[in-house]
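Same order as they appear, the protein sequences are chains D and A. First residue of the first sequence: 175, per my numbering; consecutive thereafter. First residue of the second sequence: -1, per my numbering; consecutive thereafter.
By construction, these hints were calculated from the structure, which means they are not laboratory data. Predicted model, so just to flag it, every value in this text is computed and none were measured. Where a beta carbon is used, it is the ideal one built from N, C-alpha and C, also for glycine. One or more of the hints may lead you astray.
Derived CB-CB ranges, DEER-like [what the hints assert, rightly or not]:
#1 A:Ala15 - D:Leu395: 36 to 44 Å
#2 A:His130 - D:Lys237: 21 to 29 Å
#3 A:Lys132 - D:Lys244: 17 to 25 Å
#4 D:Leu374 - A:Gly154: 41 to 49 Å
#5 A:Leu58 - D:Leu395: 33 to 41 Å
#6 D:Asp372 - A:Arg135: 19 to 27 Å
#7 A:His130 - D:Trp316: 28 to 36 Å
#8 D:Leu219 - A:Glu136: 49 to 57 Å
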Amino acid sequence: MAMNGQKLGELLMDADIITKRQLAKACQKQVAGDKRKIGEILVELNYVTVGDLTEVVMEQAKKAKADVEKSKRDLVLSQQILKSKTKPKPKLIHTPVTPTPVAPTPQPIDISEDALMKTKFKLDLKTIIAAAVGISSLVGMWYALQADIQEAKELPSLKSLYEAEYPSRPEGYNWPRSYEQYKDNVEGLQEEMDEVYDKLDEYEEAIEELEKTVTDLRIKLANKRDK
Amino acid sequence: MYGMINKAIRTLVTREAGEEVWEQVLESSGIDEDVFEDLDAYDDSVTFALVGATSETLGLPASDVLEMFGVYWATDVAPKGYGEYFKAFGNDFKSFVSGLDEMHVRISKMLPSLQPPSFDIEELGENHFKIHYKSPREGLAPLAIGTLKGIAQHFGGEADIKQIEYKGTDDHDVFDVQFNENE
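Using the sequences and the hints given, assemble the complete structure.
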């Protein structure tokens, strides 16, 4: 079974619990027709204990959780960078505090079709290019997020991760953790993925809004040129 | 953020990758000015734009760029700019990190627009600490990690840092830090 891109046998070797030769021997059994999972065969051969397997799987789950957390942290940073791209960059502070002017009484705004059609818009090519650059950045980020999500989807489910390794639960072992306990430790993953999906929805909405803006700008520019 | 931060990003990029790369970074960031005044306060978006453009230009994750900058800040820039404070606020990693908030309070008197983070250190064992990092800004945990690594280097060691709590999921960022003295 692959966990986060690495197979259980490799994880056990990396943890110096089994040797390459021991893994090869267990694999040979599978090749010879043994249908059991590699973990069960290794336990039967006394190369590993159930505790070893649990420890390795738990460690892997912790790493997966940490990766998700780090992705969230990086996402926050990416958002700040993205915001900075769309925001003008004025120098600030050190400016004297001036009294807030009293706002003039608002006048009713004429939003009739005639009034809107008569409204003149000032646009230049730079505005359109800036908007296009903003969209391309968002699209790039959207694809990057899609790739991350796809990778996350390919991770095994918690239950299969747990049960695939301990399908039979032979008697005589003091099983250290129940599935529920195991799940408690890593169930936050789904919630975190949901948050990533929500964030993705926000990006999609932002992209749509920007696309609409660019379309409007193009139409207005074309109208202006016609005049 | 103060111009000295943006200026230090420029110095770091120029030192590590050359003036030509800095020009590319500047162009990619969309920032017009090439000269940053140390004591002028700039919008945070300027700094984030520079970090983002450096990340794109060098092909490094933005978090790595921030971490690298944190190390550079703590090992090169801050000791030169605030050498007296560096000497006054601790003789070792732990006491220095404990004194960071106080140091920021003092520096804030000179730089009134400073919005410093706060560091709270708990000792877990010999040279093993839990450090709580709180910042009014978002996304700067890698900068804090780099800064802590730089402080460790300043005191003749290396810091092995793992982030164990994350702002957003948790109340604030928390790091597990093992300080190892160089032999």
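Taking the hints in turn, this is what the structure says about them:
For the hinted restraint 36 to 44 Å between Ala15 of chain A and Leu395 of chain D, the CB-CB distance of approximately 38 Å keeps it satisfied. Between His130 of chain A and Lys237 of chain D the C-beta distance comes to about 23 Å, which sits within the given range of 21 to 29 Å. Look at Lys132 of chain A against Lys244 of chain D: about 19 Å separates their beta carbons, and that is inside 17 to 25 Å. Under the hint 41 to 49 Å, the C-beta atoms of Leu374 of chain D and Gly154 of chain A, about 46 Å apart, fit the expected range.
Checked against the given bound of 33 to 41 Å, the beta carbons of Leu58 of chain A and Leu395 of chain D, roughly 38 Å apart, stay inside it. The supplied range of 19 to 27 Å is met by Asp372 of chain D and Arg135 of chain A, whose beta-carbon atoms lie about 22 Å from each other. In this structure, His130 of chain A and Trp316 of chain D meet the distance hint of 28 to 36 Å, their C-beta atoms being roughly 34 Å apart. Look at Leu219 of chain D against Glu136 of chain A: about 51 Å separates their beta carbons, and that is inside 49 to 57 Å.
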